[in-house]
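Chemist: Read off the chains here:
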Amino acid sequence: MSKRIEAKDVNVYYGSFLAVEGVNIEIEPRTVTAFIGPSGCGKTTFLRTINRMHEVIPGAYVKGSILLDNDDIYGAGVDPVNVRGLVGMVFQRPNPFPTMSIRDNVLAGYKINGKRLGKSDADDLVEKSLTGANLWNEVKDRLDRPGSGLSGGQQQRLCIARTIAVHPEVILMDEPCSALDPISTLAIEDLIEELKEQYTVVIVTHNMQQAARVSDRTGFFNIAGTGKPGHLIEYDDTEKIFSNPSNKQTEDYVSGRFG
Amino acid sequence: MSTATEVEPSTPQGGRVLKNSLTAGQLPSWARWASIGGSLVLSAIILLIAGWSWAGWIVLAAVLYLISYTVWTYVVEGARHGQDALWSSLVWLAFLVALVPLVSIIWTVISVGGPTLVHPGFLTSSMDGITGVQDRATMNEGAPLAGGIVHALVGSLMITLMATIISVPIGLLTSIWLVEYAHGGWFSRTIVFLVDVMTGIPSIVAGLFAAGIMMTFFEWGNGGVSGGQQIMGFTAALALSVLMIPVVVRATEEMLRVVPNELREASYALGIRKWRTIFRVVIPTAISGITSGVTLAIARVVGETAPILVTAGVASSVNWNLFNGWMMTLPVYIYRQLMEPTAPASPDPSTARAWGAALMLIIVVMLLNLLARLIAARFSPKTSGR
Chain A
37 MSKRIEAKDV
47 NVYYGSFLAV
57 EGVNIEIEPR
67 TVTAFIGPSG
77 CGKTTFLRTI
87 NRMHEVIPGA
97 YVKGSILLDN
107 DDIYGAGVDP
117 VNVRGLVGMV
127 FQRPNPFPTM
137 SIRDNVLAGY
147 KINGKRLGKS
157 DADDLVEKSL
167 TGANLWNEVK
177 DRLDRPGSGL
187 SGGQQQRLCI
197 ARTIAVHPEV
207 ILMDEPCSAL
217 DPISTLAIED
227 LIEELKEQYT
237 VVIVTHNMQQ
247 AARVSDRTGF
257 FNIAGTGKPG
267 HLIEYDDTEK
277 IFSNPSNKQT
287 EDYVSGRFG
Chain B
126 MSTATEVEPS
136 TPQGGRVLKN
146 SLTAGQLPSW
156 ARWASIGGSL
166 VLSAIILLIA
176 GWSWAGWIVL
186 AAVLYLISYT
196 VWTYVVEGAR
206 HGQDALWSSL
216 VWLAFLVALV
226 PLVSIIWTVI
236 SVGGPTLVHP
246 GFLTSSMDGI
256 TGVQDRATMN
266 EGAPLAGGIV
276 HALVGSLMIT
286 LMATIISVPI
296 GLLTSIWLVE
306 YAHGGWFSRT
316 IVFLVDVMTG
326 IPSIVAGLFA
336 AGIMMTFFEW
346 GNGGVSGGQQ
356 IMGFTAALAL
366 SVLMIPVVVR
376 ATEEMLRVVP
386 NELREASYAL
396 GIRKWRTIFR
406 VVIPTAISGI
416 TSGVTLAIAR
426 VVGETAPILV
436 TAGVASSVNW
446 NLFNGWMMTL
456 PVYIYRQLME
466 PTAPASPDPS
476 TARAWGAALM
486 LIIVVMLLNL
496 LARLIAARFS
506 PKTSGR
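Just so you know, the sequences run in chain order A and B.
What the first sequence shows, in the working numbering, is residues 37 to 295, in sequence order.
What the second sequence shows, in the working numbering, is residues 126 to 511, in sequence order.
Do not take every clue at face value.
For lysine to any residue, the following SDA-like pairs were computed, each having C-alpha atoms within a straight-line distance of at most 20 angstroms [stated by the list, open to error]:
1. Lys399(B) / Ile93(A)
2. Lys399(B) / Val92(A)
3. Lys151(A) / Arg398(B)
4. Lys147(A) / Arg389(B)
FYI, nobody ran anything at the bench for these hints, they're computed from the structure.
The model shown is predicted, which means the values in this text are computed figures rather than measured ones.
The whole structure should be built from the sequences, with the hints applied where relevant.
Modeler: Listed below in structure tokens is the structure:
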């Protein structure tokens, strides 16, 4: 499991507005890649193109191609639903399904899709996914309680468990810790370290320390001004980005001299 | 009236508000009740001199209370508190005034209709075979009240059930399309406009529409003669659907719109198809609101009289068949018993039956509301357990 991602000349539009322009990037399997940059620079927008979630917004579309192990997810006849099965996503705010129990939340990808699962298979999957999300010990005695009754950090880990339960190749995370306290953040960061062993992880974050802590490679996005499209300014090893970036804009941003 | 400079030392005294610099210059807690009591007494004295009337007593007392309490607060606590006293008293009075008709209706219907409703046989017999002979016997010779409402109850339930079966899928699917699929194009705006227009259709027009449609249908089937076959429960259900659908659409639409987009995206991100997302994530999240919307729609149509009169006619015996024969419903039953008593010369038994049926109608609506609440509580998002 885990696939290589390659974006070629990706332009992302909201209607006629060009939001992100000319992104070329190669993301290796079993790595953690962080996207950093100021608000509105298009890092989340670009992230959402990797599992075709961008086009859920009315009028939004993408030009260019994104390859998952040489298969273009924007190729003709590609079903976005299948792409999303391969590329899971964790959102900024924890969003467990409020009508479902913890167990049903983990199984949501199967149950809602109408796939039948034996009782013992389902139990195994729930335990495996929750263990994979470092949540099993905290919730194993209350799997039938509502998922919305957990704390924010636990809810976010429940969402991660729900995502890994459907066995994706890639996991995208859109500022997964921005709504969490430092302890929950640490739990998620530890989890990202572990997820890297099996999945390709791409994370958007506003927290540069977090990017430095968890990621192997870092991409810096920036915009020239309001209304202008965002660009991928620099993409390199995390260590290099934070110690010796080759671009002036990146240096200004990571050293805090940015506007 | 004490000023802040001269305050009694604050000593704890069981239950009473402590006198200290923060509570100085306030009315004692019994001031409101004293004002109410004083107003009632004063109003009674004035009216005993001027001529007694119960309504006058209450109204005068309310006015006196409003004046006395406001002025008292104004003098003791200042202008801001005085205004507050005036407006909060007005709000409370408005609330009480709004309660008057509600309580009055419920009280009247229960006290007048109650004895009839619990009369043996009233809920189990129809008006089949009941003529003026029995009613005259009831009125003049003290015989027990004959006849009942079972046929009207059956008709009301069957017709409303059928109307619900027709309108809920149509209304639900329409609102799903409006919220999930239409992105504010001209077509969806037209639909919304038409639904709004439909909300305002007078019910008799809906009845005529359904009667006309079914008459045309039977004429077309029988070579130009409808033969009165269109008068049946189903035609009435059709008329009620015309009234129900817009209510269901608007209520459901509002509920679907407030489902957070995050939940839809969470579902899409798991590789779940859109229609499964709608039916397994969006609707369950909104189900409690949808249920109460549907119940409101049912409650609106279950009391309709005119459209049923012109579509299902009237009947005196039980008819379970929606597709054949005339049917009675509770509102039409009430109307008929009052306007055309079974024994025109001795209308009292008919009037009693009408009140009993009215009480039954209210009970049906209340049971529907209760049912909706139970369903909503059963399905609504579970938030407990934190």
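Chemist: If a hint holds in the structure, say so; if it doesn't, say that too.
Modeler: Each hint, compared with the structure:
no., hint, in the structure
1, Lys399(B) / Ile93(A), "holds (13 angstroms)"
2, Lys399(B) / Val92(A), "holds (10 angstroms)"
3, Lys151(A) / Arg398(B), "holds (13 angstroms)"
4, Lys147(A) / Arg389(B), "holds (16 angstroms)"
Hint check: no violations occur; every hint is consistent with the structure.
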